[in-house]
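Below, each chain spelled out in residue letters.
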Amino acid sequence: MRQKGAKSPRVVRGTPYGYSYEHMFAFSSTRPTLPENLAASLRPLTLAKSRMLPLGEPWKALVPGGGLRRGSTVVVEAPPGLGGLSLALSLLTASSANGHWAGVVGVDDPGVVAMAELGMDLRRVLFVPRPRGAWAESVADLLDGVDLVVVRPPSRAAHGVARKLVDRVRERGTVLIVLSEPHAAWPLAPDVCFAITESRWATSSRLDARYLNVRVSGRGEAGRASEHVVVLPNRKGRAAAS
Amino acid sequence: MERLLAIWVEELSREKPDGSTLRDSLALLDALCVFCPFAEIVRLGLYVLPVRGPSRFFGGEEKVIAMATDTVRDVTGYDAHLGIADGLFCAELAAREQRVLAPGATTSFRRAQSLEVLGRKDLTTTCRRLGLYTLGSFADVPAARVGERFNQHALELHRVARGDVAELDGQRDLRLAQRLRDLRGEREPGSEQLGFFGQRGAGDDRALAAAHRVRRRLGADALLVASLHGGRVPEDRATLVPWGSPLVENRDRAPWPGQIRSPSPATTFLHPVAVQLRDANDAPVLFDARGVLSGEPATLLLTHYARRAIIWHAGPWPLVERWWSRGRRRAHLQVVLALGEAVLLVAESGRWWLVGLYD
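Going down the list, the protein sequences come from chains A and B. The opening position of the first sequence corresponds to residue 1 in this note's numbering, with each subsequent residue numbered one higher. The opening position of the second sequence corresponds to residue 1 in this note's numbering, with each subsequent residue numbered one higher.
These are computed hints drawn from the structure, not numbers from a lab. Positions of the beta carbon are idealized from the N, C-alpha and C atoms, including for glycine. Don't take each hint at face value.
[What the hints assert, rightly or not] With the Cβ distance kept under 10 Å, some of the chain A side facing chain B (calculated, not the full set): (1) A195; (2) R200; (3) R210.
[As the list claims (entries may be wrong)] Computed list of chain B residues with no C-beta within reach of chain A, every gap over 12 Å: (4) L218; (5) R261; (6) A289.
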């Protein structure tokens, strides 16, 4: 116990020696304030942004958040031959160019040159063209290691298989892009859905560009459906806004 | 499957404590590479080389076999067992039996093998009790029945037995290439695949692990990576090679006059599909020697039942390549069909082929 007569130690302002402790404490008024922009950049990064994978030029403006949320499933619906594969691959381009890995499963004969023209970095794309009946297993394997997987199921996926894959996507924080054609429709509601409603070619002395009417819909923020016209591919083989 | 010459050297298959095995293996590999640059070592004691090229160059498979036998004897002093068959799995079996299989005889050879060659005891025992003694009888069992009774690994063996997969899992020693490189003193940072993957990060390691898993599940040739090189048409400009095969760094930036301009088809068929073009009177449209079409294309026949009307076409763009050696004459045609699909066709050797879909 402290003795009654003893005085508690106290910091005295303005000692004869000009000595103070105040600068040692964060609340000190003499501590210089941080520049405004530095303070903003030192705050912990928002998680939502780091959980987004980037999207390329025409898609950025069409999807809420401007990117693909990790853990989400994207479905591309198209009649066969009308640009569904190009659309699915064009969703990969920005991520692939930014150093993310991608897998392409069940696309029998991928047009590698077209993918390069879209702007993908082919060094980080793994292809499983003919998964021999084990397409779901190969997708599940790839989901562990790559950031985006494009899959074209050879037939309609069973409900349970699709559910397992979607759960795995959510758990791993990857993005699954399913190319859903009429004979192999995807049985679950996706987070974002791109549906091609119309496709027409602009021609000169050769095929010039294809104009796609794309309906973007989905869950949550993407809930309100909207329809846009997108050029895919254009004269340089890239995707562009019309 | 590729026709392979397998060389089995029993004495080199077990590593001696003094380290001479690895040195001899390397010396033998270098000696084999002198007459076939594609010779490779699969694991200790087992070498393979694609035999088609060398046999054409040296004048027959017997000559190549004689040269390989002499090389092994000169370099190591041991006697080698040689065999020729399609695919690595059968080539090794043929080498152990010292047999040269005629082209097309590989399937019957494989089907006649005993189940023990798959190297799995429980499978052999169970199948024997079921009355299955050969690979052929095992291959005839439906895959679903095999899957019910055994695990994933047995399904892979079943694919090998059916001939869908050319090599057995575990037949290849994946670390041997790196060990030989170390012995040579060529130290590469990273592992076997560095060239494809560029700089390495955590994501690259994860992708590598996933790639290994897919390859274990589906076989060595199911997982592919793409490489681009020079060429005039999309089907020549890119190849898909099995993941893990040696990298060919061939970034051709030459202009390639006559190249088909972008956009390129999103599906490029590895094996073009034969189709027919008809004009309005249902007469075949031909591409003649003067570089023009014999009529205006009006219908595309994918099969006899699937006919599609053509609403627009561009071309033909004739292409004559290598006129100095083995002239290859082709002409490409872009076609838009009635429902809005666009396809790329090529005329070669008097027929039309579907090579690309703009899908």
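| Of the numbered hints stated previously, which ones are contradicted by the structure, given in increasing order? | Per hint list: 1, 4, 5 violated.
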